[in-house]
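Line by line, the protein sequences give chains E and G.
Take the first sequence: its letter number 34 is residue 39 in my numbering, and every next letter is one higher.
Take the second sequence: its letter number 1 is residue 4 in my numbering, and every next letter is one higher.
Hints in this document: simulated from the structure, not taken from any laboratory.
Cβ atoms here follow ideal geometry from the backbone N, Cα and C, with glycine treated the same way.
A couple of the hints might just be wrong.
With the Cβ distance kept under 8 angstroms, some of the chain E side facing chain G (calculated, not the full set) [what the hints assert, rightly or not]: (1) 36; (2) 160; (3) 162; (4) 167; (5) 168; (6) 170; (7) 292; (8) 299.
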Amino acid sequence: MKKKKMNVDMNLSPNEITKTLNIKRNKSEFIRRAWYKFSSNHMSIVGLAIISIAALLGIFEPIIAPYPEHVGPFVDFASACQSPSIIHWMGTDNFGRDMLSRVMFAFRGAFLMGFGVLLVVVPIGSFLGLIAGYFKGKTISTFILRITDIFLALPPLILALCVCAIMRPTLFNSMIAITISWWPWYTRLIYGMSASISNEMYVKSAELLGASKSHILFKEILPNCLSPIFTKMTLDMGWVILLGASLSFVGLGEQPPIPALGTMVSDGAKYLPELWWISIFPALAIMMIVLGFNLMGDGIKDMLSSEE
Amino acid sequence: MAWIWLKKIGTYLLVLVGLSILIFTIARIIPGDPARMALGPRTPEETVQKLKQEMNLDKPIYIQYVLWVKGGLHGDFGKSLMTRRLVSEDIREYLPATFEIVIISTFLMIFGGITLGIISAKFSNTWLDGVIRVISYLGIVSPSFVWAIIFLLIFGYLLPIFPVSGRLSMSITEPSFITGMFTIDALLSGSIDTFKDAFMHLVIPAVSLCLGGLAQAARITRSSMTGNMTKDYILAQNAYGVPEGVIFFKYLLKPSLIPTVSILALDIAALFGQAFLVELIFNFPGLSKYGIQAMLNKDLNAISAVVLILGCVFIIVNIIIEIIIAILDPRIRLMGRSV
């Protein structure tokens, strides 16, 4: 759709003008159809709803949180360790801070981490995958794939822990650590697709017509890899947030007093079972986010599939 | 045929070399002087220099790497700055504990996952399938440390039938060191009580560890079985009048297991990763807990040894999985043979 629009030129033939107009009229139709496909599975709407609510809670945390000041270095021992009630929906922790406000604030860090990591990982990973696939069999491709193999020989969690361990524990550094362990998965995914698309007739004909390498890579091959990339990105938002929570769980993420989901779970684990709410609510929040992105990912897969 | 396998093993060796370089680089780009950090700021300069010489830190970086690899090949990873013991000794003590959990977890994952997958393929689109689907979704989306916390709450306090901390109860003495795995050592030395106790301690950590992979295995098995059900060769078997059960297990199940098995390598690796957190929660003295402690204390020798060992384990698991796939898939088994 996008590609055709870019070709709109001042001196078009009448035939082409009607074509462009058709496309413009069809744009709303396109969105409607995409929504129809996405919503054909009700669970994907549930996923979208979960993620939207979590994102809104995170964004508007300073306005809607019942106790916005509780996310910082705040101590109120008088109201410490209260169980969930009307005043504190998720109870308070051992410092008397409202858990609901803290969980809402932690959503910020979680989403920031998801977006930040994917923003770097997807372009780098996909680019390397495109090159490795298109130049399959050449030295550069083998080189990229071997490097990818090395990174894939360690579970992402362990590699991220390792990288995190040598840096100062901050949100930003844990994002770097996850980025380092996450890009090979995109390279692997795009490599396979790029290698098979390289053999398609339209790529061969573009080569024969003398198209440049960058045209073939980005205009011919890349657009055909986009739908799995988008699907994987939606799913990965959940996994990256989960990995970030795992890092902060062992104390290698955002440092206290700033709330992070993993830190809250591990802090609360010390007070089980009496103060169960301190760790269970953040744990449920992690589950909900991952569940939301998973459901949404299924919907996006349906939406982008070419089956009518 | 042999040539293909040799080439594969060669690739894995290459990966191992690359991995060792990667780990070495990560361990050495750490800011600050490791020798100074190990001894603290108030140690006299001479002692620091002596330790530097001992750790080969005064030599050029590539010689350091060669020495490190040489040592590693002999099982000598230097001294741990944290426990003040040889890293190899620490690993000998902690690795078997992690193996115990991961092995049990792997078994649960494979058999549980495939069984659930078969059931839900057999009864696809019934309520049973729906229930299993919901369970697998929950399994996939909840990280094992969340399961660990939930199980800790349930079995630690509400329903104390399984112990949830450590490897053995206080009252029971450790079995003598044979393999390092308490269950096997106990069996070898013939004390059933110790075996029972050690096994009970493994159940909850292993279960909370395996659920994610189990759910994934179930889903993949189901989808590949339902996908294969409509294939022509199954139809042909039906037309020949081959009994339903024979078709299901002999002709449908075997090829459908290939996708499940091929992701198992990744899942088992993920188990080792997740074990890092689960062992922490259940206070289980395994390699992962040791590794985390090393990471928090920036104990380089220990970190690099732990990570390298996990990398080796992953590569070995990968080779085993490739052999299993070759057994299952005639296209791969017969590759390279003249037709």
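Here is how each hint holds up against the structure:
Checking residue 36 (chain E) against chain G by beta carbon gives a least distance of about 28 angstroms; that is not within 8 angstroms, so the hint is violated. Given hint, residue 160 (chain E) at the interface with chain G, holds; its Cβ is 3 angstroms from that chain's nearest Cβ, closer than 8 angstroms. Interface restraint check: residue 162 (chain E) against chain G, minimum CB-CB distance 4 angstroms, threshold 8 angstroms, status holds. Taking 8 angstroms as the C-beta cut-off, the interface hint given for residue 167 (chain E) holds, the closest approach to chain G being about 6 angstroms.
Using the Cβ-Cβ criterion of 8 angstroms, the hint placing residue 168 (chain E) at the interface with chain G is satisfied: the shortest such distance is roughly 6 angstroms. Interface hint at residue 170 (chain E): satisfied, since its Cβ lies 3 angstroms from the closest Cβ of chain G, which is below the 8 angstroms cut-off. With a cut of 8 angstroms, the hint placing residue 292 (chain E) at the interface with chain G holds, because the nearest CB-to-CB distance is about 5 angstroms. The interface hint given for residue 299 (chain E) holds, since its Cβ lies 6 angstroms from the closest Cβ of chain G, which is under the 8 angstroms cut-off.
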